[in-house]
Amino acid sequence: RSHFEELLRSEGITTIETVGKPFDPTLMTAIETQETSSVEPGMVVEEFSSGYLYRGHPLKLAHVKVAKPARLDRNDSSRLRA
Numbered sequence: 018r019s020h021f022e023e024l025l026r027s028e029g030i031t032t033i034e035t036v037g038k039p040f041d042p043t044l045m046t047a048i049e050t051q052e053t054s055s056v057e058p059g060m061v062v063e064e065f066s067s068g069y070l071y072r073g074h075p076l077k078l079a080h081v082k083v084a085k086p087a088r089l090d091r092n093d094s095s096r097l098r099a
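Under our numbering, residues 18 to 99 are what the sequence shown spells out, in order.
Worth flagging that the hints you see were computed from the coordinates, not collected in a lab. Each hint can be trusted.
Simulated restraints on C-beta separations:
(1) T50 - L70: 19 to 29 Å
(2) R88 - F65: 22 to 32 Å
(3) F65 - S27: 23 to 33 Å
(4) E22 - R88: 34 to 44 Å
(5) P75 - S27: 14 to 24 Å
Cut-off 30 Å, straight-line C-alpha distance, at most; resulting in silico cross-link-like pairs (DSS-like, lysine-lysine):
(6) K82 - K38
(7) K85 - K38
(8) K77 - K38
A virtual CB, placed ideally from N, CA and C, is assigned to each residue, including glycine.
Please work from the sequences and hints to get the whole structure.
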């Protein structure tokens, strides 16, 4: 960790972990969504800017991209078969 990060931590400021975590509107702002079937809907797939907590309370929300379900391709009939 950098000296700056240690200084922030010593003052009670921590970074919000986002990528690979479920979207939390109290800690994050969804800037974009991405259709995907490789990640569960509602999971954060990319972070555009970091978010910070001050002694456990939001100081700055993280800006993130959130996964949403992939649309069913109308031409892919194999997914429709039971």
